[in-house]
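2 protein chains.
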Amino acid sequence: MSDFRFTIHDDDGAARAGVFLTPHGRVDTPAFMAVGTLATVKALDPDDLRALGAQMILGNAYHLHLRPGDDVVREMGGLHAFMAWDGPILTDSGGFQVFSLEGLRTVSEDGVEFRSHLDGSLRAFTPESVMRIERNLGADVIMQFDHVIPGQSDEATARDASERSLRWLARCADEVARWRSDTDEPRSPQALFPIVQGGIHESLRRAAARSVRDSGDWVGYGIGGLSVGEAKPDMYRILDVVDGELPRDRPRYLMGVGFPEDLVEGVRRGVDLFDCVAPTRMGRNGAAFTRDGRLNIKRSEFRVDKRPLDEDCDCAACRRFSRAYIRHLFTADEILGLRLLSLHNVHFLVRLMRDARDANRGGTIDAWSEEWLARYLSRPVTSE
Amino acid sequence: MSDFRFTIHDDDGAARAGVFLTPHGRVDTPAFMAVGTLATVKALDPDDLRALGAQMILGNAYHLHLRPGDDVVREMGGLHAFMAWDGPILTDSGGFQVFSLEGLRTVSEDGVEFRSHLDGSLRAFTPESVMRIERNLGADVIMQFDHVIPGQSDEATARDASERSLRWLARCADEVARWRSDTDEPRSPQALFPIVQGGIHESLRRAAARSVRDSGDWVGYGIGGLSVGEAKPDMYRILDVVDGELPRDRPRYLMGVGFPEDLVEGVRRGVDLFDCVAPTRMGRNGAAFTRDGRLNIKRSEFRVDKRPLDEDCDCAACRRFSRAYIRHLFTADEILGLRLLSLHNVHFLVRLMRDARDANRGGTIDAWSEEWLARYLSRPVTSE
Chain A
1 MSDFRFTIHD
11 DDGAARAGVF
21 LTPHGRVDTP
31 AFMAVGTLAT
41 VKALDPDDLR
51 ALGAQMILGN
61 AYHLHLRPGD
71 DVVREMGGLH
81 AFMAWDGPIL
91 TDSGGFQVFS
101 LEGLRTVSED
111 GVEFRSHLDG
121 SLRAFTPESV
131 MRIERNLGAD
141 VIMQFDHVIP
151 GQSDEATARD
161 ASERSLRWLA
171 RCADEVARWR
181 SDTDEPRSPQ
191 ALFPIVQGGI
201 HESLRRAAAR
211 SVRDSGDWVG
221 YGIGGLSVGE
231 AKPDMYRILD
241 VVDGELPRDR
251 PRYLMGVGFP
261 EDLVEGVRRG
271 VDLFDCVAPT
281 RMGRNGAAFT
291 RDGRLNIKRS
301 EFRVDKRPLD
311 EDCDCAACRR
321 FSRAYIRHLF
331 TADEILGLRL
341 LSLHNVHFLV
351 RLMRDARDAN
361 RGGTIDAWSE
371 EWLARYLSRP
381 VTSE
Chain B
1 MSDFRFTIHD
11 DDGAARAGVF
21 LTPHGRVDTP
31 AFMAVGTLAT
41 VKALDPDDLR
51 ALGAQMILGN
61 AYHLHLRPGD
71 DVVREMGGLH
81 AFMAWDGPIL
91 TDSGGFQVFS
101 LEGLRTVSED
111 GVEFRSHLDG
121 SLRAFTPESV
131 MRIERNLGAD
141 VIMQFDHVIP
151 GQSDEATARD
161 ASERSLRWLA
171 RCADEVARWR
181 SDTDEPRSPQ
191 ALFPIVQGGI
201 HESLRRAAAR
211 SVRDSGDWVG
221 YGIGGLSVGE
231 AKPDMYRILD
241 VVDGELPRDR
251 PRYLMGVGFP
261 EDLVEGVRRG
271 VDLFDCVAPT
281 RMGRNGAAFT
291 RDGRLNIKRS
301 EFRVDKRPLD
311 EDCDCAACRR
321 FSRAYIRHLF
331 TADEILGLRL
341 LSLHNVHFLV
351 RLMRDARDAN
361 RGGTIDAWSE
371 EWLARYLSRP
381 VTSE
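Protein sequences, first through last, are from chains A and B. According to my numbering, the residues represented by the first sequence are 1 to 384, in order. According to my numbering, the residues represented by the second sequence are 1 to 384, in order.
Just so you know, the hints here were simulated from the structure itself, not pulled from any lab data. The structure displayed is predicted, hence computed values, not measured ones. Hints may contain errors.
[As the list claims (entries may be wrong)] Covered stretches of chain B, as calculated for chain A (at least 3 residues, CB under 8 Å):
#1 4 to 17
#2 95 to 103
#3 106 to 120
#4 270 to 279
#5 328 to 338
[Unchecked claim] Taking beta-carbon pairs under 10 Å as the criterion, some of the chain B residues facing chain A (in silico):
#6 Leu246
#7 Arg284
#8 Ala324
#9 Tyr325
[To be verified] Residues on chain A that point at chain B, a partial pick, calculated with CB under 10 Å:
#10 Val73
#11 Gly77
#12 Gly78
#13 Phe82
#14 Arg206
#15 Ala287
#16 Tyr325
#17 Thr331
#18 Glu334
Every residue, glycine too, gets a C-beta built ideally from N, C-alpha and C.
The following block holds chain A by itself, in its conformation from the complex (with noise of 0.2 Å):
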């Protein structure tokens, strides 16, 4: 556990900003991770990710099982040679991608069957398979195999999928264990973080967040199961109840949540880092992400707009080209505006969550989310 270590510099109510040290250097929380999928962020360059202050970025078990092997990435050096990115790497399970297989999985007490989405090959999942997945691709965070629901799930189903989860978190930790007894091959230390589940459930939530303290002692906790279809205030309701039994001085992970609004909400709530493909997609669809809430840029508007897409912005779109340029990249299908939106949107966020920890640091945290969020959502959103 040495090799981690986390550190609350400034507390703020629930909020806080503080230093996340692994292996692969540091993470100034709270902190938004971009996800590399397919070990590359989508449209990205890492030399982009680094310019624009990007510390740790996520690969998916899952997608990396399939391709191009997580034995190949192994073979390779691990994800962080494959791809060139020398700073942190968390990796999830593919609890989550094998779950939004309906009606290609079978899941049972001892893992999942499914069928690839690429070529309908039959493959299964087990806690003790993911995990050593997780070590093929040697990322420095490695989630634990979860059983994830939809967010409108009933009390019943929401607590089977969380107590099993509970069970997985235990075979994934026995797994890990008998890694740590092999020294016939030393690999880069590598931090498990189980998950809280419990869908929006007050009563599961709170009783998963105590069982998964109380079994061991975490580097870190992920909180899984948010943002997959239930109501935002429900989120933030489970967040603060979470936020209450997890332990204060380790970093929590808040899964696949990502719009602007959700990040500030959620470093209101004590979370830590975040994940989200929503920057890099949306941008891939034209939209962009502006103090003043979102932009479609392939609107006829902005047809000889010569503003930047935001002009509170520093990064390398908005330094250099106008609306009007990357609208016409959009409107010829030209791969450079796929870019530009991508690295603007990541850009964003990163640049919110430094935000976020100077008002942490400035004891405003409360003051400058509301400023936030009122100028954010004041204008409506321009149609998509």
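Fit chain B to the known structure of chain A by using the hints.
Structure of chain B alone, referenced to chain A:
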């Protein structure tokens, strides 16, 4: 004319190394110009181009006229400002594009009527209208509107097109002369390049080169209608003929030619500037130039290949990424793969021309060419 200057530093037979000065900076020749069809070199960022040493790039009048419209580019401050490229730019005249619209265009002495490949709308290009389009785009070098024919055309067809191109050159020059007397709107000076046509017929090429040469004090000369279906020996033979007729003290631009072996052969025959979509188009298809010939990165033999694309290359792809990683990007349809191979291929040609300059300086262009071609052509091209 004083805004442009061409200085030859080293002569080595027909080959020469020099500097072409333009209002937007210098171009060390011989040089390869990457093609930015729609105001972007496909899949690349202007910063990529600067970093790999590109000095001059190209835009297409036909494509930019249709999207976003040359009026939009003008309103945005011209092509340099619009695409954030402050180095020299050349625009072609659309001649090649409209004559490629087989069945969708009608040629008359006045110009060409054609249907847009985008929406079928009826359009017309005349020498005068094309000059106005290229004025709106604002490139440093603008090409005359010419009549392009297939590479295997018979002598009568080639004579007709060549003579029409000469008459259109006079109309282009008249149109440009009108702007020069228009003092109401000062703009960056633009150099009009004539284009030598004549197919693969030596007497026609000789006559065209002489007529062009005698018709004005041109800043530089385009050589058109090559690499359009004729055999390579025919192209080289015609280059020898044209080299003997054009003034030695002006740059010669061989239009649309850009395979590595053609660049080497062109340099030996007194060509100074080249352009081609090959490096980016082939890159997007997974083909990479290497010193030992082309390779197709999608092949399974590269699955765990830790070597860079080309072990002799120092581009931003080869410095950081393995063949295995780039193969994975292509297998997974990731955008970064398109960028890395485009970047590598453009870098390859830019560096090839830098090496040719060095060989010229050393007076070893023939030995260098033979050695370079022998190695490049020694291995069979991998199937694509």
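Failing hints, ascending?
1, 2, 3, 4, 6, 12, 14, 15
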